[in-house]
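J.: Chains as they are written, first to last, in this note's numbering: chain E, 1 to 366; chain X, 1 to 292.
Just so you know, these hints were derived from the structure itself, not from any lab. Hints are supplied without guarantee of correctness; some may be wrong.
If you want the footprint, here are the derived chain E segments under chain X, 3+ residues with CB under 8 Å [as the list claims (entries may be wrong)]:
(1) 51-58
(2) 127-136
Output of the computed footprint for chain E on chain X, the stretches with three or more beta carbons under 8 Å from beta carbons of chain E [unchecked claim]:
(3) 76-86
(4) 96-103
(5) 222-230
(6) 263-271
Yeah, the Cβ is synthetic: ideal placement off N, Cα and C, and Gly gets one too.
Next come the chains, spelled out residue by residue.
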Amino acid sequence: MSTRRFLLTAAGLTVLAIAGTFLLDPYRNYQLAVIAATFCAAAGLTLLIGVSGQLSLGHAALMAAGGYGYALAANALTDAGVDGVPRFLLAFLAALAASGMLGLLLGLAAARLSGPYLAGVTLALVVALPAFAAVFGGVLGGDQGLQIAFDGVPAPLRMLVALEQWQAWVAILVTAVVVTGIAAIRRGGAGLKMRAIAADRTAARLSGVRAGRVQVGAFTASALAAGAGGAILCFVTQSVSPGGYTLAFSLLLVVAVVVGGLGSIGGAAVGSAIVVLLPWLIGTLTGALDLPAEIEQRLAGNLGVFVFGVLLIVVMAARPGGLAAAVPVSWRRRGRRAPASVAPEPEVVDVDALPHHPTATSETER
Amino acid sequence: MDRLLFLLATGLARGAVFALFALSLVLIWRAARIVNFAQGAMAVTAAYVAFAVTALTGSYWVGLASGLAAAALLGLAVERGVMRFASHASPLSGVIIAIGLVMVLQSLLGMLAGQTVRPMAAPFDESPIVVGGVPILSPYDAFVLVVALAVMAGLALLFGRTSLGLQLRAAAFAPEVSRLLGVRAARMTTIGWMLSAAVAALAALLLIPTELGLNPHSTDVLFVYAFAVAVVGGLDSPAGALVGGLVVGVAMSLVTGYLGATVAPIAVLVLLVGVLLVRPGGIFSAREARTA
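Pulled out of the complex, with its shape left as it was, chain E reads as follows:
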């Protein structure tokens, strides 16, 4: 796929998504905005896990960093008398700065660690998030979190769209930019280096790939995407609190990435939709069944987590490629004609096949 075609595809999908918001009612548009925010973080995570082979269980903490960065900057700007689009853009930059800094620090640690250790450190980070919010309660607002000023629909559009639809537009536009960036990294030289390191670190270093630097870069890029997702969530809900970024949510991001197919951007999109919509669908279904209140309360939340856990085990054990691998190969690779690669690069990085993957290391010499 040429760069032009790649950008055209991205623009086309964005326009399609924005057009789609006209078909949805306000609550569906709100859900769409949440899916977009989740997709932002999931796209970053799929780059990290699926392409560079680093497992993070703490991406919710990076999203929270973005959310807090956005909220703090937005409140400061509101006090300074700035509002509207400049406030959004500046606060968004602050969100990226916050999550990028945290991601860089974590990435520096991550580059020295292999799979289970990195997973453990990121797990400890997300478990410590409420503690951070409490210890720095003066700034971060403790358990209550932070509220931000309301961002209404801009005046020229007020006749045309409702608030939720406008929020969905913003979410889709931001997500489009971020995901296009992640996809560009994934298909470019940096992505190739990440694959090479994931496949065989020693061979990659012998071929001149600076493994540590590439891994730190992957972690930072992934953190920026997660921070953007957190900023969108903060923009949509006008608040950020540690209760929104629990370990459970962090694990849901992993579910989205694994079920969609590790390393696949499209898979991350489908996975994000699943993790946002499935709990809501299950809630609606159990609500419709007219169960006794106590049973319904026990099923609420738990049934969704149960389904996700089973999905995670089954997909990982039986189909490590996830949903993306279920799409026919000929359809997925149509239009891919990278001149230097004899074998097409894998659309989905199959974890089983990683160490034996023949093309990844040879292509780095290009």
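Given chain E, work out where chain X should sit, using these hints.
T.: Using the frame of chain E, we list chain X on its own:
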């Protein structure tokens, strides 16, 4: 000074539990080269069994025994039913499957038993004994310390002095060769899992009465602490787990006592990152196991 002594003593008792749980992680790591992220969820499931049996029979000890038996069975089921599908080519596969298991077990517990916190009674008095005007240890803390150290000594004997222990170590170290020499390597891996799950359940059962109570998420923090202990001590080293556990236990007790309980998770994170950056192999690990 009185307070310091008290905090050190409780820290040691708490640290012994961390060490025990970390030891269970070391056991699985040595048997199967997997860091079992589901260890906490498996332990809390066993704790629910123990709770139910205690409520039914009225005896703490019967509950404890059935909890340990349930944990061993769960270890067997997990190893035979789920973990064998993990790809050995990449450590990520095993971690992700374990996380799926955490979600399944915790949500099942949530559906069957509800999210409410159930207080769990300790078999001994929990108020500290006062020696010369200084409160030191509660009888229950002493019990925890003795049980944890006894189990660790027992495991050291098992691995160092018995034929079964030799076979366990051989199967973990060189599965192919030991199979040629007549060791049932697959069975040894399964035994390793059962042993490890039972040890983890024991740690959870010892800890829960001193905490808020039983809940599907009771062991989340214990797992994080024990993981930190295993990292500090080195995943390959049982002695490292013991010393690391006591160090982390005392450090957390001091942090909680002087700075407040909210700071403790941050302290663990700082400790974890610090050790990994300064000495990625762990304090006691002989080999470079963490990178590459």
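J.: Hint by hint, say whether it matches the structure.
T.: Hint check:
1. Closer than 8 Å: that is the beta-carbon criterion, and the region 51-58 of chain E has 3 residues meeting it against chain X, so the requirement of 3 holds.
2. Under a criterion of three residues with beta carbons nearer than 8 Å to beta carbons of chain X, the stated coverage of the region 127-136 of chain E is upheld, 7 such residues being counted.
3. As drawn, the region 76-86 of chain X meets chain E at 3 residues by the rule of a beta-carbon pair under 8 Å; at three or more, the given contact holds.
4. For the region 96-103 of chain X, the stated coverage by chain E holds: 7 residues have a C-beta nearer than 8 Å to a C-beta of that chain, and at least 3 were required.
5. Only residues whose C-beta sits within less than 8 Å of a C-beta in chain E count toward coverage, and the region 222-230 of chain X has 3 of them, enough to reach three; the restraint holds.
6. Counting residues of the region 263-271 of chain X whose beta-carbon sits less than 8 Å from any beta-carbon of chain E gives 6, enough to reach three: the coverage restraint holds.
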